[in-house]
Every structure is written in C-alpha cells, then in structure tokens.
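Modelling step: build the complete structure from the supplied sequences, incorporating the hints.
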Amino acid sequence: DVKTAIEETKAGKVEYRVDKTGVIHSPVGKVSFDDAKLVENTRVLISAVMKAKPTTAKGRYLKKINVAATMSPGVLLDELAYA
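The working numbering numbers the first residue of the sequence shown as 16 and each following residue consecutively.
Just so you know, the hints here were simulated from the structure itself, not pulled from any lab data. Please note that the accuracy of each hint is not assured.
Here are the simulated lysine to any residue pairs, SDA-like style, with alpha carbons at most 20 Å apart [to be verified]:
(1) Lys68 - Lys79
(2) Lys66 - Ala83
(3) Lys45 - Asn56
(4) Lys78 - Ile61
(5) Lys66 - Thr24
(6) Lys25 - Pro42
(7) Lys79 - Ser41
(8) Lys78 - Tyr31
Here is the structure:
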C-alpha cells in the first residue's frame, strides 16, 4: 500500500537489514542530496539502530561505521561523533 508506506516514512520509520555477520545495510540518501540531508539521515539511522539495541547486549554496540555509494569504496566515519 503506497499511501501507508508514504505516511510511515514521513512519520520517521527507518528500515535497515542486518546480514549474518552483523553488518547493517541501509540507504541514507542519493547523490543529489546535499551534505546536510545526508548527515541528518545518517544520524537518524544510527539513532534507530542504537534504540534497537537489546538490553542484554554488552560492550560497544557499534564498532565501525562505513558509508559508501553503490560499487564504490567506503569512507570510515567516527562513530563517537554520531553517538
């Protein structure tokens, strides 16, 4: 249902998937987005991941944050800056 999907997205729904090695895959924008929008989207994604952290999880929950365009090398981000 397109209408419901649009409403959920506008309400702040964040979708991501985690592979079997614990790597999270999620788009945060497009090349046409300005820097501020990409930073905002990245912060929202990281916030959603941290909110989903199980209470039983111990140690550092995020170990590394890499951002990459499709088929390009990643850029390592300082995860403490986004915590």
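Are Lys68 and Lys79 close enough, with their CA atoms no more than 20 Å apart?
holds, 15 Å
Satisfaction of hint between Asn56 and Lys45, Cα-Cα up to 20 Å:
At roughly 11 Å apart (the allowed maximum being 20 Å), Asn56 and Lys45 satisfy the hint.
Checking one constraint from the list: CA of Lys25 to CA of Pro42, max 20 Å. Satisfied?
holds, 16 Å
Holds or violated: are the alpha carbons of Lys66 and Ala83 at most 20 Å from each other?
Given that 20 Å is the threshold and the Cα spacing comes to 23 Å, the pair is violated.
Taken at face value, is the distance from the CA of Ile61 to the CA of Lys78 at most 20 Å?
holds, 12 Å
20 Å Cα cutoff - pair Lys66, Thr24
Between Lys66 and Thr24 the Cα gap is close to 17 Å, so the pair holds against 20 Å.
Straight-line alpha-carbon gap Lys79 to Ser41, limit 20 Å:
Measuring from Cα to Cα gives roughly 15 Å; hence the hint holds.
Starting from Lys78, check that the Cα of Tyr31 is at most 20 Å away, please.
holds, 17 Å
Violated hint for the displayed structure: number 2, the only one.
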